[in-house]
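One line per chain: the protein sequences are A and B, in this order.
Numbering-wise, the working numbering comes out as the position in the first sequence, counting from 1, plus 837.
Numbering-wise, the working numbering comes out as the position in the second sequence, counting from 1, plus 837.
Errors might be hidden in some of the hints.
Because identical chains share one entry, a pair is satisfied inside a single copy or across any pair of copies.
What the hints assert, rightly or not - For lysine to aspartate or glutamate, the following EDC-like pairs were computed, each having C-alpha atoms within a straight-line distance of at most 20 Å: (1) Lys1166 - Glu1074; (2) Lys977 - Glu1098; (3) Lys1166 - Asp841; (4) Lys977 - Asp1190; (5) Lys1166 - Asp953; (6) Lys1166 - Asp921; (7) Lys1045 - Glu1168; (8) Lys1166 - Glu1014; (9) Lys1166 - Asp985; (10) Lys1166 - Asp1073; (11) Lys1182 - Asp953; (12) Lys977 - Asp876; (13) Lys1182 - Asp966; (14) Lys977 - Asp869; (15) Lys1166 - Asp946; (16) Lys1045 - Glu1133; (17) Lys977 - Glu881.
Simulated from the structure, these hints should not be mistaken for lab results.
There are 2 protein chains.
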Amino acid sequence: MPLDLDADVVALTEAVVDIESVSRNEQQLCDDIEQALRDLPHLEVTRIGHSLVARTELGRDERVVIAGHIDTVPLNDNLPARNDGTLLHGLGTCDMKGGVAVALKLAHDVVEPNRDVTYVFYEAEEIDDVFNGLGIVAAKRPELVQADFAILMEPSDAVVEAGCQGTLRVDVITRGERAHSARAWRGSNAIHAAGEVLRRLSDYEPRKPVIDGLEYHEGLNAVMISGGVATNVLPDECVVAVNYRYAPDRSEQEALAFVEEVFDGFELRVTDSAPGALPGLGVPAARDFVAAVGGEPNPKFGWTDVARFTGLGIPAVNFGPGDPMLAHKQEEHVPLEQLRSCEAKLRSWLGHDQ
Amino acid sequence: MPLDLDADVVALTEAVVDIESVSRNEQQLCDDIEQALRDLPHLEVTRIGHSLVARTELGRDERVVIAGHIDTVPLNDNLPARNDGTLLHGLGTCDMKGGVAVALKLAHDVVEPNRDVTYVFYEAEEIDDVFNGLGIVAAKRPELVQADFAILMEPSDAVVEAGCQGTLRVDVITRGERAHSARAWRGSNAIHAAGEVLRRLSDYEPRKPVIDGLEYHEGLNAVMISGGVATNVLPDECVVAVNYRYAPDRSEQEALAFVEEVFDGFELRVTDSAPGALPGLGVPAARDFVAAVGGEPNPKFGWTDVARFTGLGIPAVNFGPGDPMLAHKQEEHVPLEQLRSCEAKLRSWLGHDQ
């Protein structure tokens, strides 16, 4: 069944949510979006992998990007979507198919925006950076995403969230020597050695710097742990994957130096690193947008592709329906009212009041 | 090619090793052993699955079991056997086809032993207990394995190893609450909670009780650890698989009570439990055997089917060629001299000096 972009934003969100698109399984949803946009005469559509770029080409003075990832974290017994009249519940409702649906509505309805718009619907944001659809598009066709300003429709409770924290992931590795578990004294247990890694994580006290009036809140967490050879063998390796989320006043290098200090004496392997982005609310395009949609900007804790836009020299903010605290939670949901208000505010900003 | 039981024990071991019999693939080897023993007039042969029982029926006052499993752990690029003149190398040479070959030689050559002998060649010792051929024979035909004493030809460096440690495996489970790792304060980290589990493991002091003059050495070890949902999510569960190897003065219930005390406050799930076996060296048949083969008995650390015989009310010891430390290792091997000395000592004990 094709996506119906004439439906209202709530019905459209529900339809998009019900097309399951856990990372690496975005093909169907991308096909459906492509089919819905491809033949609209006011859009120029380019597909790269399972990411789609749709641009108006009106020759306006200003061009803005409105972007959203179409993948979700894994299923957690939370599909299909359920509309209780106030909230829409289900995987991706909050992060971030509500935002995707708003962008789809705008792409379909706003045929003559007052600034040129580049819509980007992209794959694989929730997994390893190397797969990130926005990164791939920017690498292969940088001219497609060039703009004066970007709005990433990540959940932000329908207020502007500025800046974003950086993220660093390292494997902390402990080693031992295998032995039969009946003769443990002949070997050395790598899992036991990881106890000290977990102790340092428990002792960690988060930093909370204030930047441009926004208070950030860092975090250092084990996100994965694995070790073991067989149920009767002392393990010779244990790997703790640690994720450091840091305020944007630290560079990637400073973040790594901090983590190296915390795990001094342990073997480290960096597996992922993405810098934060300073709020940048002083930039005129950002200031205009904040004034247009109203409200008091918040700091962004989660890493988002705002930082990728910053890296491309494009000022960017998060602005989308849904409570960011609910992202990646089984019970994620989005208020129907926020879907409608985000759509209305952006529509108005693009000069297309209903 | 049929097994040649007239060959010497070294050649026979090599032939048995070269018939690959990784657990669940014992049919060929069992067929070959059956063919070699079936028509010997002094033996009564019964096959159950791929396990074979061969009994002398001389009406002696005493009956002993001589048993060995015919399966091996998985291939590890270590077949065929290789004889370097001092050692025979290859999968199963140590654990325990050397012992099987010694038993085959005795079964073939010792036609009038001074005590009745029940030879048991059985399948599937290296895998889940439910498949164990000795267990199946004892369950289906208990009268076939009844005896006054049992010798399990597991590798013991050709000296008597008495008793065996029990083994208990539990999963120690910690729970938390998922949250995006950028907003860690909204959730609770199950991997961090496992730090306390690892701390208690590190603090553990092994008990080393002396039983019948033999010093045992317990062990409490994490053998597996796993936790994590995604690289940007606080994990809500972490599972530490812990293996407790305990001296045979503790029952299965006492072992579990000890582990429950160590991990007081944590959720436990028992995944495997097998009791130890007391050395039982005070039993006359055991004392006679030790006197006959000489040397100082050692305690057995690894779990073996000695405990199964104990459960059947049959005193039992391990006595076989090969270093038990080499069991399950790629480089396992057996000294030719131990093959010959084990054969000679058992032959003598059965009143059949060459």
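Checklist entry - In ascending order, which of the hints set out earlier in this document are inconsistent with the structure? => result 2, 3, 4, 5, 7, 9, 12, 13, 14 and 15
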